[in-house]
Amino acid sequence: MLDNLNKKSLKYVGKATRRIDAVEKITGQALYAGDLEFAGMLHGKILRSPHARAKIKKIDVSKARCLEGVHAVLTGHDLDYRVGLYLVDKYILARDTVRHFGEAVAAVAAETPAIARKAIELIEVEYEVQTPFLDPKNVFDKKAPLVHPELGSYDYVQAVFTPIPGTNIANHTKLRKGDVEKGFKDSDLIIEREYTNPNVQHVPMETHIAIGKWDIGDRITIHTSAQSPFTVRNLFAHAFKIPHSNIRVFIPYVGGGFGGKAGIHLEPLCCCLSKAAGGRPVKIQATREEEFSLLPCRSGLVYQIKTGVKKNGKIVAQKMTMFWDAGAYADYAVNVTRASGFSASGPYEIENAWVDAYTVYTNKPFGTAYRGFGHVEFSWGMERHMNYIAQKLNIDPLKFRLINALKPGSKTMTGEEVVENTGNVSKCMQAVAESINYGRLTAEEKAREKKTGRKIGKSVVALQKAPAMPPFTGTVMILKLNEDGSVTASHSLTDYGMGTYTSLAQIIAEVLRWPIERIRIPIETDTDRDPYDWQTVASKGLLLSGNAAILAARDLLDKCYDVAAQALRAQKCDLDHDAEAVFVRHHAAHRVTYQQMAVGYAYPNGNAICGPIVGVGRYIAQGLTNLNKENGQGNPALDWTYGAHGLTVEVDEKTGEYKIIKVASAYDVGCVINEASVRGQAIGGMIQGLGTAMCEGYLYNGKGQLLNPSFTDNKIPTSLDIPEEIDCIAIETPQIDGPFGARGVGEHSMIAVCGALGNAIEEAVGANLTHMPIRQEDVWKALQKKGRKASEKVISAVVTEEKTRRGRKPGKKAIEAPVVKAKRGRKPGTKKAEKPAEIKVEKPKRG
Amino acid sequence: MKISLKVNGKKYTREVETNKNLLHFIREDLGLTGTKEGCGAGECGACTIIMNGKTVNSCLILAVEANGCEIETIEGEAKNGKLSKLQKAFHENHAVQCGFCTPGMILSARALLEKNAKPTVEQIKEAIEGNFCRCTGYQQIIEAVQDASGQLKKKEGLKRA
Amino acid sequence: MLQEFSYLAPTTLKDLYALLKKNAGTAVILAGGTDLLVEMHNNWISPKLLVDIKKIPQLNDMSFDRKNGLSIGATTVCIDLINNSDVKKYYPLLADAAGRIGSHQLRNRATIGGNLCTASPCADMGCSLLALGAEVELASADGIRVIPLKDYFTGPKKTQIKKHEVLQKIIVPFESANAKFGMRKLKRIKGHDIALISVAMARTEKFLRVGVGSCAPTPVVTAPLPANAKPEKVKEAVMKVVSPIDDVRASRDYRLFMTGEFVDSIYAEIFNGGSK
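Protein chains in written order, with our numbering: chain A, 1 to 847; chain B, 1001 to 1161; chain C, 2001 to 2276.
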């Protein structure tokens, strides 16, 4: 909602405003789910599977039941309910079959956590361990064990997803744009490579915590550390076939989510335990170890990219195959597959594009939404690949990106036209390039190299993301006028750290032209009291709720004008308002204050009119469509936020040790509502992205058992791990349907920074990396291989060439045909009948 | 077992189970829930308190070990209903997002400033490395500590192009 | 909540010895708790009786003289070791090593004795104390015995301590005082982490010794080498005592490589740059 604004006249939007929820947090007064206590509250504990795949032959809970202080013991057989966001595939407790290490097998509610813990230890389970399915790339192996043999019988959202029964494919997303085969034929060079990344844990500082109470008469009350109260309610209602109005979900302060608290997790189990315990409230607080395996993580990804380019650097065709390692349950992973499928090229125009994105069930902890929703993972591959192609073309990687960047007139992969107001990714790249002095070393950097003996490398990468959400995503904001002329907002977007509430307060204050101190946005949300919001995910909150806030504020004013018009016997068109009152424009002393009208305007004799005032704003995404299931074409994007990172790193050529000297990030946010919040999101996400890039990730043994389910061996960045220098830049190409022109930037900072690190390290010392995280040891290993790289290129090129000749194994003679070289020598115009050169390097094996 | 200790200047005497850690004692028995549990294993620092003048992870101390000790928690940071200088700096510099690490972070920062009134950026980073923060990327926290020690010359801003 | 256990905090050594004698096998000694409580939190151990030794004044004592060298009471916490003036002056390697343990919160709580009793292969104090030729004093109702630290570790998390004994103090000989030194610790992040390997070198006028952590089932140390040993000889001696494995933290190959790198760089530092 961008009106013709004079930005200089804005009082709150774009100005420094302190967070509205900071005081309670810096004093320790903010109450999170774990701080809540209720009369009669019991404590739940969960027994988890030590195996990745097993039949449950027998569970004996008799000893646990007999323990004094235990009020409920449940196993899978007590709970014939399945839960699922898009594909209903998960029992609340494993029934007969265990599908991943850490899966919940039984649960207990007892008077103290200690008793519950003891009861769990008394449960005896007999497993028949089975061979797990662990490698998503083996998805087409007909002999592979099936994670869900019953896949064909599950309910799912048919308009959007395509599970393939009889396989481990939970969803196959297809995108077909242009003619990819013709595009490859027209290419001068075809470059193919595979990129991988593992499961990663969100690590909110507050683990998942829920308190459930299931009263007799099926009234349910849930207090939970979750991102989306209405989604918890909706999924709960569907799973248990209970009316929505019977379920109340209350969300207090939340200690971080990052997507991990987006769906429904511990809530059903808490409530079932409560029901079994006669309606006493049951609290389950996940331990950090449970956070790693019982609760979901981010899916791993194997990403194969084959790109056809012209010598002039223009990408002509790209075929992208994604194997998403979804783990044992579909959860958000099917939608991650869809959303990353249609965005898989990054912010680059691909005339002829082909995507096959598979959500593959494996016997691992399951993947869910995680900040970036697939984009962090595929951008690692895409941005490494962009540099790889540039290298082969002998073009500067930034120049190569700028040649291919989406710009007004470009078509996205789903066929949507980019316009001036979509945003400007080239400007983002140029801004960060300038910030890091891309393309050269400064005198200071040269001196540093000399002093440390380490090599400095730089890179620029680009990113894009649109909210992944249903086309009909909507929200409501209600503003209630208080007796003193302040307003209290009621809505259901949650603020689990991002600062959106402060931005909303600024927007409301701006529209009302009232002091921001008179705008109150309570942190807690409550489905019984607050109106609907789909979810707090996808970086859509500021745009949708911001628009709803503008509409609500306008509605509130409109109603105030109605009252004033009557009270002052004036036409509405003659009225104006200030912070205190509505008045007649040409007789400013004729005024009615907000205090006078808040609960109904009363005349001196006691007669009253109009009643208490509320303003309502409803907003729904405009003009979006489902994607065509066969070709992925359509209009899925509420808005595209573009961005770029520039990264400078120094690397020890001998040991592989590296240090990030600087990261500059730029985002086209449309309009900055709150500078400090944008910067907070920019830096926080960038560091979280660097965690993914540097050190995080799940490690399994051959049996599918997680080897690092704690902070001891799953490190996250500390204050000592951040870059020496951080620069944040906002580009402001207004979003026409954004509040004051703004668009979201919650997830974007995390995207592509991994590729930036990989590219900068390669630039510094030539370490060729295709797997993240990039540990110091990985750089060292890649450097060990560096010497052999030249010969590898040629042989690999021939291997692919051989393959195209029907799989004949490369003989010694084949090595004599260095395809790359031959191709380069050819004159333009004669290439039509030629088969383009292909370069394919196998991913180095990794332990 | 009976223990007596001082928390935020107030004396408490309580009967406590030997297997209860100090974190749970402070939260459950004393009702001071500002101190948070992030891992229970001494890695994340969310449960940081100051005990006899030193920052410690309260999850790795038994309540019974604190008998006779003086403890400060986040609830003792604001005095007489007024935010401390450090708290004000956290507020001013947007050093808070989800807020879960904030109590521990503030206590670590305070322990630093008590020893070193003018810490360098490197010293600040070093002082808070035992406190994980997943939201902020630490930068605005570091700036808040600089500000609290009167060293933030100009506010680091967002560049707008 | 942890598992249930009894808790006793004796205030004299005599009481402690008696307690340990009476409860040999069931009693577990609690010092800083930064390892023990983690193990209990993870349910790896469930001791029936915890004996808190922090109330015994003698165990929290540090002293130095030119005859006996440095004596470190078992419950001395890292931060006190780091700030001790004798340590700073005569054994700065120890302050350096203790400063590399965990975070502030851990260093304010973790004890030197506890670090040696956990006896993890990656114990941060292990390699530095080994390089300085330290000894440990083990005591019980039956008497006191002093053994060289190099013989004390017997396997991962295994030591020579008998069930009724307590590690009472650590003695660092005077001959190691003023040693030139260097230490390196390989980590996965720049913040607090377990050592993937750690190397400490100490050189006096008479000898040179290298201690290495996380590169064998226990922290290990070279035999004393001549003070002016050539770098190849030092590296050779180190390679003789290490036997790293592949695990989730690092590969054997990388551990070996980095051990060599660290030895080279510390050697260069000590011989060219003198003491740090």
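If you are wondering where the hints come from, they were derived from the structure by calculation, not from laboratory data.
Careful: at least some of the hints might be erroneous.
To be verified - Pairs of lysine-lysine residues, derived as BS3-like cross-links and limited to a Cα-Cα distance of at most 30 Å, are as follows:
1) A:Lys-446 - C:Lys-2190
2) A:Lys-7 - B:Lys-1054
3) C:Lys-2240 - B:Lys-1054
4) A:Lys-781 - C:Lys-2187
5) C:Lys-2190 - A:Lys-781
6) A:Lys-143 - A:Lys-781
7) A:Lys-455 - C:Lys-2088
Going down the list of hints, with the structure as the test:
1. A:Lys-446 - C:Lys-2190: holds (24 Å)
2. A:Lys-7 - B:Lys-1054: violated (50 Å)
3. C:Lys-2240 - B:Lys-1054: violated (42 Å)
4. A:Lys-781 - C:Lys-2187: holds (16 Å)
5. C:Lys-2190 - A:Lys-781: Holds: Lys-2190 (chain C) and Lys-781 (chain A) sit about 20 Å apart, inside 30 Å.
6. A:Lys-143 - A:Lys-781: At roughly 34 Å apart (the allowed maximum being 30 Å), Lys-781 (chain A) and Lys-143 (chain A) break the hint.
7. A:Lys-455 - C:Lys-2088: Between Lys-455 (chain A) and Lys-2088 (chain C) the Cα gap is close to 35 Å, so the pair fails against 30 Å, i.e. violated.
The structure does not agree with the numbered hints 2, 3, 6 and 7 stated previously, though it agrees with the rest.
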